[in-house]
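Trainee: So the chains spell out like this:
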Amino acid sequence: MSEKISRRDFLKLASVGAATTAVLTGCGPASRYVQREPYTKMPEYTYNGLSTYYATTCRECAAGCGLIVRTMQGRAIKVEGNPNHPVNLGKTCARGQVTLQGLYNPNRVRGPLKHKRGEALYNEKYEDVASNMKWEDAFQVVADALKSPAEVAFLMGTTSDHLFDFISDLATVTGVPAPIRFGAASMFETRATLSKAAEDLFGQATMPFFDIGNADLVLSFGANFLETWISPVAYNRAYAKMRRGNPKVRGYFVQFESRLSQTAAKADEWIPVPPGSEGQVALAIGRLVAEAKGVTIPGVFESVDVKGVASAIGANVETLENIAQHILAAANPIAVPGGAALGMSNGLSNAEAVLALNALFDNYGKPGGIFISPLSPNEDAYHRPASVQEMSDFIGQMKGGAIKTLFIHGVNPVFELPKSLGFEAALANVGTVISFATFPDETAVQADYVFPDHHGLESWGYQRATGSTLSVLSGAQPVVVPFYDTRSTVDVLIAAMGLTGGQASPFKDEVEFIQSKLANLISQADGSFTAPEINSFSAFFQQHGGWWKTTTDLASPSATDALGTSLEVSASEFAGQGEFFFVPFVSPTLGASGANIPWLQELGDPNTTVMWNTWVEINPHTAEELGIEDDDVVRIVSETGAVEASVYKYPGIRPDTIAMPFGQGHTAYGIYAQGRGVNPADVLGAHFNEAGDLAFAGIKVKVEKTGKKRELARMEGKLGVYGFIEEK
Amino acid sequence: MATELGMPAFTNQSQEEEPVGRWGMVIDQDLCTGCQACVAACSMENNVPIVGEDDASYGRYMHWIRIERLWENTEYPEVKMTQFQPMLCQQCHNAPCEPVCPVYASVHSMSEDLNLQVYNRCVGTRYCGNNCPYQVRSFNWLDYQDERIHPELVSLHNHANPDVTVRRRGVMEKCTFCIQRIHKAEDKAKSEGREVEDGEFTTACAQACPANAITFGRLDDPESGINKLAAANRSRAGHALEELRTLPRITYLAGGV
Numbered sequence: 008m009s010e011k012i013s014r015r016d017f018l019k020l021a022s023v024g025a026a027t028t029a030v031l032t033g034c035g036p037a038s039r040y041v042q043r044e045p046y047t048k049m050p051e052y053t054y055n056g057l058s059t060y061y062a063t064t065c066r067e068c069a070a071g072c073g074l075i076v077r078t079m080q081g082r083a084i085k086v087e088g089n090p091n092h093p094v095n096l097g098k099t100c101a102r103g104q105v106t107l108q109g110l111y112n113p114n115r116v117r118g119p120l121k122h123k124r125g126e127a128l129y130n131e132k133y134e135d136v137a138s139n140m141k142w143e144d145a146f147q148v149v150a151d152a153l154k155s156p157a158e159v160a161f162l163m164g165t166t167s168d169h170l171f172d173f174i175s176d177l178a179t180v181t182g183v184p185a186p187i188r189f190g191a192a193s194m195f196e197t198r199a200t201l202s203k204a205a206e207d208l209f210g211q212a213t214m215p216f217f218d219i220g221n222a223d224l225v226l227s228f229g230a231n232f233l234e235t236w237i238s239p240v241a242y243n244r245a246y247a248k249m250r251r252g253n254p255k256v257r258g259y260f261v262q263f264e265s266r267l268s269q270t271a272a273k274a275d276e277w278i279p280v281p282p283g284s285e286g287q288v289a290l291a292i293g294r295l296v297a298e299a300k301g302v303t304i305p306g307v308f309e310s311v312d313v314k315g316v317a318s319a320i321g322a323n324v325e326t327l328e329n330i331a332q333h334i335l336a337a338a339n340p341i342a343v344p345g346g347a348a349l350g351m352s353n354g355l356s357n358a359e360a361v362l363a364l365n366a367l368f369d370n371y372g373k374p375g376g377i378f379i380s381p382l383s384p385n386e387d388a389y390h391r392p393a394s395v396q397e398m399s400d401f402i403g404q405m406k407g408g409a410i411k412t413l414f415i416h417g418v419n420p421v422f423e424l425p426k427s428l429g430f431e432a433a434l435a436n437v438g439t440v441i442s443f444a445t446f447p448d449e450t451a452v453q454a455d456y457v458f459p460d461h462h463g464l465e466s467w468g469y470q471r472a473t474g475s476t477l478s479v480l481s482g483a484q485p486v487v488v489p490f491y492d493t494r495s496t497v498d499v500l501i502a503a504m505g506l507t508g509g510q511a512s513p514f515k516d517e518v519e520f521i522q523s524k525l526a527n528l529i530s531q532a533d534g535s536f537t538a539p540e541i542n543s544f545s546a547f548f549q550q551h552g553g554w555w556k557t558t559t560d561l562a563s564p565s566a567t568d569a570l571g572t573s574l575e576v577s578a579s580e581f582a583g584q585g586e587f588f589f590v591p592f593v594s595p596t597l598g599a600s601g602a603n604i605p606w607l608q609e610l611g612d613p614n615t616t617v618m619w620n621t622w623v624e625i626n627p628h629t630a631e632e633l634g635i636e637d638d639d640v641v642r643i644v645s646e647t648g649a650v651e652a653s654v655y656k657y658p659g660i661r662p663d664t665i666a667m668p669f670g671q672g673h674t675a676y677g678i679y680a681q682g683r684g685v686n687p688a689d690v691l692g693a694h695f696n697e698a699g700d701l702a703f704a705g706i707k708v709k710v711e712k713t714g715k716k717r718e719l720a721r722m723e724g725k726l727g728v729y730g731f732i733e734e735k
Numbered sequence: 007m008a009t010e011l012g013m014p015a016f017t018n019q020s021q022e023e024e025p026v027g028r029w030g031m032v033i034d035q036d037l038c039t040g041c042q043a044c045v046a047a048c049s050m051e052n053n054v055p056i057v058g059e060d061d062a063s064y065g066r067y068m069h070w071i072r073i074e075r076l077w078e079n080t081e082y083p084e085v086k087m088t089q090f091q092p093m094l095c096q097q098c099h100n101a102p103c104e105p106v107c108p109v110y111a112s113v114h115s116m117s118e119d120l121n122l123q124v125y126n127r128c129v130g131t132r133y134c135g136n137n138c139p140y141q142v143r144s145f146n147w148l149d150y151q152d153e154r155i156h157p158e159l160v161s162l163h164n165h166a167n168p169d170v171t172v173r174r175r176g177v178m179e180k181c182t183f184c185i186q187r188i189h190k191a192e193d194k195a196k197s198e199g200r201e202v203e204d205g206e207f208t209t210a211c212a213q214a215c216p217a218n219a220i221t222f223g224r225l226d227d228p229e230s231g232i233n234k235l236a237a238a239n240r241s242r243a244g245h246a247l248e249e250l251r252t253l254p255r256i257t258y259l260a261g262g263v
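If you read the sequences in order, they're chains Y and C.
Going left to right, the first sequence walks through residues 8 to 735 as the working numbering numbers them.
Going left to right, the second sequence walks through residues 7 to 263 as the working numbering numbers them.
To be clear, the hints were calculated from the coordinates, so they are not data collected in a lab.
Be aware that a few hints might be false.
So, partial list: chain Y residues that the calculated Cβ filter (under 10 Å) puts toward chain C [said to hold, decoys possible]:
{"hint": "1", "residue": "Q108"}
{"hint": "2", "residue": "L110"}
{"hint": "3", "residue": "N112"}
{"hint": "4", "residue": "L267"}
{"hint": "5", "residue": "T270"}
{"hint": "6", "residue": "G407"}
{"hint": "7", "residue": "P595"}
A virtual CB, placed ideally from N, CA and C, is assigned to each residue, including glycine.
Let's have the full structure, built from the sequences with the hints guiding it.
Mentor: Here's what the structure looks like:
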């Protein structure tokens with residue numbers, strides 16, 4: 008040691024010398040899991056600041072962003088984005104950042120257990136119930152169910168694509184029905200409508216890709232692409248590129264939506280249209296553009312009455328003409344359908360009207376236009392999640408007693424589906440309910456057995472990413488050793504297959520199964536890496552966080568006569584007798600399933616700054632007419648139910664509309680979620696659009712005063728909290 | 007401006023010439039979508055506690071960075087929200103929080119040109135928080151991280167960042183520009199016998215931001231990313247409350263234009 012370096016400096020330098028930021032991988036079976044060491048057993052060679060980094064895939068939503076997780080002594084410390092991953096390029100959303108609080112959540116299912124339906128999975132002090140089974144017995148329970156394959160059903164969430172593939176293969180081998188996938192996020196994204204509209208217009212039932220990043224004018228008809236829609240990180244990046252990517256032109260952005268959502272707040276113009284009128288508006292704009300261009304009005308826009316549309320949305324014709332002028336001046340305009348505009352009885356025609364507008368812009372398959380999302384490297388076809396109508400049919404099967412054993416993984420239908428569909432009641436006709444839930448959610452509470460799967464950060468797997476221009480298979484590997492006595496569901500099924508006495512699984516474990524699904528990628532050209540054989544390939548797959556093509560696979564929608572065919576956009580139907588349109592939306596901070604994460608609860612909603620609870624957005628003028636103040640509790644009554652929540656007087660909403668975030672209102676799901684807020688799905692009726700998606704915004708509700716008051720925690724200034732009264 | 011408001015004019019007595027500073031940030035409000043990823047990233051990196059609904063309702067939330075939004079017009083249908091503005095410690099050169107601390111807990115780092123908060127000196131007078139025009143200091147009103155009071159935190163504390171002190175009741179805290187990351191990069195550079203390069207590391211908020219609205223880097227390097235970004239957008243650039251002459255190290259680029 009040189010005299011010039013102090014001891015303290017020496018220690019610091021020594022630690023830096025040893026530290027590398029290389030992303031590690033588990034290569035063989037021996038190193039499939041890292042070890043978690045207690046701090047009291049800190050090995051000599053570790054220094055403060057020496058971390059190990061693992062690449063994996065985020066499972067907070069189905070987008071499949073790549074993560075790099077910083078770990079230390081086997082603990083996951085910090086989530087960072089994977090800079091090389093094509094979906095998110097090193098970025099994450101808030102939900103990705105706090106996925107660690109799911110991993111280390113105080114309430115998780117700690118081991119396999121048999122339990123009485125309806126009984127809580129933790130006590131009143133929120134201490135989890137202990138496991139009361141051995142995994143070997145759990146395997147036998149699953150094996151017994153699999154012995155009558157025609158009478159089981161698999162209900163899955165939208166993440167864990169490798170598990171979906173495993174069960175799909177199982178279905179072809181043993182005759183169990185193909186798995187059904189569902190998620191509240193895809194319900195509010197109206198994925199079935201998007202895919203049906205693409206089928207009608209492009210001849211291909213697929214997920215369209217909207218190239219917002221290369222557009223210079225974005226017309227969004229309800230698509231909340233900066234919040235939770237499809238692939239929020241990718242669309243946030245695209246938004247930034249649209250605004251500032253071209254130093255000469257700042258992209259222009261118009262949002263048509265009944266409330267000023269977080270996305271609408273970033274728009275240059277927010278046009279508050281009534282729910283369900285978006286398709287009409289798109290047609291009117293199309294007609295105005297065609298007129299201004301001086302071309303023959305295409306058939307699709309012929310029958311629209313521009314003045315009628317303008318007066319129906321409470322705007323001047325000049326407002327629409329002004330937008331038409333913007334379109335004429337733009338080089339790459341794009342129109343994006345989504346969100347509440349599609350969750351209407353006329354949602355499909357709304358989507359098709361907006362896609363027809365793109366045909367007029369002539370942007371199919373062009374930069375800044377509409378493409379067909381590439382399939383993932385090992386994907387045969389686009390498998391969209393089930394629509395709510397399909398879920399309703401499934402519930403019908405359950406009620407009819409056709410399902411003896413129901414396996415549920417990665418989804419919480421008791422909470423996520425509208426109560427009026429009767430999922431919880433239908434469970435009574437299912438002989439055995441086996442949940443693979445990681446968290447003690449409402450559906451796990453209604454199960455007979457809970458055989459918990461690992462948290463996403465403890466799991467192997469892969470996810471097919473959407474939202475990228477490249478074809479991406481995003482890889483997941485455990486970054487820590489499982490925290491509790493959980494098992495991978497694929498491993499549970501493999502073990503159970505060995506006990507059925509029928510066909511055993513050809514795979515030893517989950518990792519071997521995943522390798523089998525990667526095998527055909529080795530020989531593919533244009534990949535992000537190559538390897539001579541499967542062991543090296545899967546080691547690279549984990550180290551890089553996935554495998555993707557290096558050249559774009561975006562396909563152009565095939566030429567169709569979208570403009571020639573006439574399109575009837577009927578007026579939307581609204582169920583219920585109330586005077587207000589009701590617009591539920593996915594909470595931008597919580598997402599569909601983040602209520603058990605404390606830091607998501609304490610993030611202020613971007614628009615209202617409300618934390619920790621459910622609010623009702625009411626226009627201040629409407630509130631004044633009704634004699635309602637901030638924090639007054641009102642009862643929202645629909646045809647199917649009622650919920651009570653505190654009012655937030657929100658200037659950015661139509662006076663005839665009220666809105667409420669989805670995400671709270673749990674009756675289980677742990678200490679941070681339970682008993683907090685209300686669930687707007689409780690007031691939604693079973694009404695569908697032509698594509699089978701839930702018409703979640705197609706209802707009308709009554710607002711009743713309750714005389715109660717409940718303060719909302721919010722970040723913005725709040726006169727009145729300390730007893731001062733706001734003076735008018 | 008200050009005199010119009012009846013305040014004594016603030017004179018810069020610390021140095022004759024305005025120093026350029028060492029670390030700085032440029033925040034483009036045109037790109038910020040208000041998504042809260044920076045808030046979540048900061049809290050996970052810096053062991054910022056949650057306080058729960060009741061304390062949050064009293065304004066005791068501990069966020070080191072928050073997304074501000076105000077209303078330009080609340081009259082429907084001309085409603086207009088201001089552009090989302092991430093607000094965090096501006097690391098002022100003339101920091102109003104520093105001279106008011108009776109125990110020298112709020113001091114200036116001459117080597118980094120950052121405002122420091124020395125937790126184990128802090129006695130909780132909250133003078134610094136009162137004097138901060140940006141309202142970005144947060145005070146530990148209670149022991150939010152004590153496992154004896156909050157047993158549910160025992161498992162959550164597994165993800166605590168060992169590089170960052172956990173604060174206790176009665177201590178003021180604030181954004182440090184991720185000083186632990188600065189030091190790590192400086193140690194690495196020192197061991198390699200060089201200066202820290204611009205872009206070698208970044209803060210947790212800038213690292214997470216999906217829209218790339220936040221950029222962190224060297225202020226004293228004219229060729230650094232933030233200096234180029236500010237220069238290229240001079241017409242949109244400004245400091246928060248710059249009339250107070252606090253010389254903030256964060257430049258905001260106006261949005262919507």
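Trainee: Quick one, is the N112 (chain Y) hint okay against chain C at 10 Å, beta carbons?
Mentor: holds (7 Å)
Trainee: Would the hint on T270 (chain Y) stand, with a C-beta cut-off of 10 Å toward chain C?
Mentor: holds (8 Å)
Trainee: Any CB of chain C closer than 10 Å to the CB of P595 (chain Y)?
Mentor: This hint holds: P595 (chain Y) lies near chain C, its Cβ roughly 7 Å from the closest one there, short of 10 Å.
Trainee: May I ask you to test the interface hint for L267 (chain Y) with respect to chain C, counting a Cβ-Cβ separation under 10 Å as satisfied?
Mentor: holds (6 Å)
Trainee: Can we keep the Q108 (chain Y) interface hint, with Cβ of chain C closer than 10 Å?
Mentor: holds (6 Å)
Trainee: Please verify that hint: G407 (chain Y), Cβ, nearest Cβ of chain C, below 10 Å or not.
Mentor: violated (42 Å)
Trainee: Is the shortest C-beta separation between L110 (chain Y) and chain C less than 10 Å?
Mentor: This hint holds: L110 (chain Y) lies near chain C, its Cβ roughly 7 Å from the closest one there, short of 10 Å.
When held up to the earlier numbered hints, the structure conflicts with hint 6 and nothing else.
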